[in-house]
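**Q** Sequence:
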Amino acid sequence: MLKRSRLLFAIILMAITAPNIVLAQAQTPSVQTEGQPEASQTEGSTPTVTTQTTSQPATTDNSVEAATELDALDADEAAADERQAGLPHDLSPWGMFMAADIVVKGVMLGLAFASVVTWTVLLVKLAELGAAQRSASLAVRELVAARGLVDGEAAVGRGIVGRMTQAARAEMSASEGVLDHVSDGGVKERIASRLSRMEIHAGRSIAKGTGLLATIGSTAPFVGLFGTVWGIMNSFIGISKAQTTNLAIVAPGIAEALLATAIGLVAAIPAVVIYNFLARAITGYRQKLGDASAAIERLASRDLDVRRAHRQHAQRAAGTIAKVG
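Read left to right, the sequence shown gives residues -24 to -1, 1 to 301 (mature numbering (1 follows the signal peptide of the UniProt record, and there is no 0)).
One thing to keep in mind: the hints can contain errors.
[Unchecked claim] Only pairs whose alpha carbons sit at most 20 Å apart, straight line, appear in this in silico DMTMM-like list of lysine to aspartate or glutamate:
#1 K164 to E147
#2 K164 to D267
#3 K164 to D281
#4 K164 to E273
#5 K164 to E175
#6 K217 to D77
#7 K164 to E152
#8 K184 to E104
#9 K164 to D127
Derived by calculation from the structure, the hints in this document are not laboratory data.
When you get a sec, could you build the whole thing from the sequences and use the hints?
**A** Encoded structure:
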């Protein structure tokens, strides 16, 4: 801008001084040589020789060069202003989101919602798994210390382990009429079957929601890739319309594409990590249920053995009494 101001000042100064120089040249008198007669003297006399000095300012070429340079500066500044006007002024994530295409916006919003769902599932499952594992650990310790199903059922109280103990007691009660006439192997198999099904149902119940994490972790990168492809496609469309590869045409679409890819990774990576963490925690909980099931089966087997021992003792006592009689 300083250079442009100097050129303008020089042009104005030359425009002011040029008329004065021309006027001074017009008023300059003719110079006559001394000793020469005037034009009205004799015919043989030498005519008057007038010497006139003309001084033209050499400003024309400078003015043209200055005007040319000024026009070039104006063109450069106009091109720079046009490029700056075409470039996106706000390249923050929010600014790129607001400037994105409607399809890319939908992709970003879907991925953001998936990320929120991922962290929500994590918080809910942490609370649920923590309470279930503490309850199962305590119930296993109570069953190990119990002397029979009745004591174990009273010790564990409610919860999945308590329901498993109640199911074993219910099967023992249902088989009460045949226990004295058949072997106890069938009762043990029926108890093991009921406990295994309850264990599977409890594991399936505690794993609800983790499948959603697996889906998000496997599909979010591809959804982000779709947003990337759409943004690059918009960039090529802008290039074809503008007939130029200027950065102002290409940059917005590429920025949208990269933002969609980043959000896809932000949604997918935590989902995979959280899914693996919850899968390990659920496996540990199922092992606790397996320990509880094994403890219940041991208590049922103990009760059956005690019952058999009492029956045999009663039979021996009855046989002794019969012999004495």
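**Q** Going back to the hint list, which numbers does this structure go against?
**A** Violated hints: none; all satisfied.
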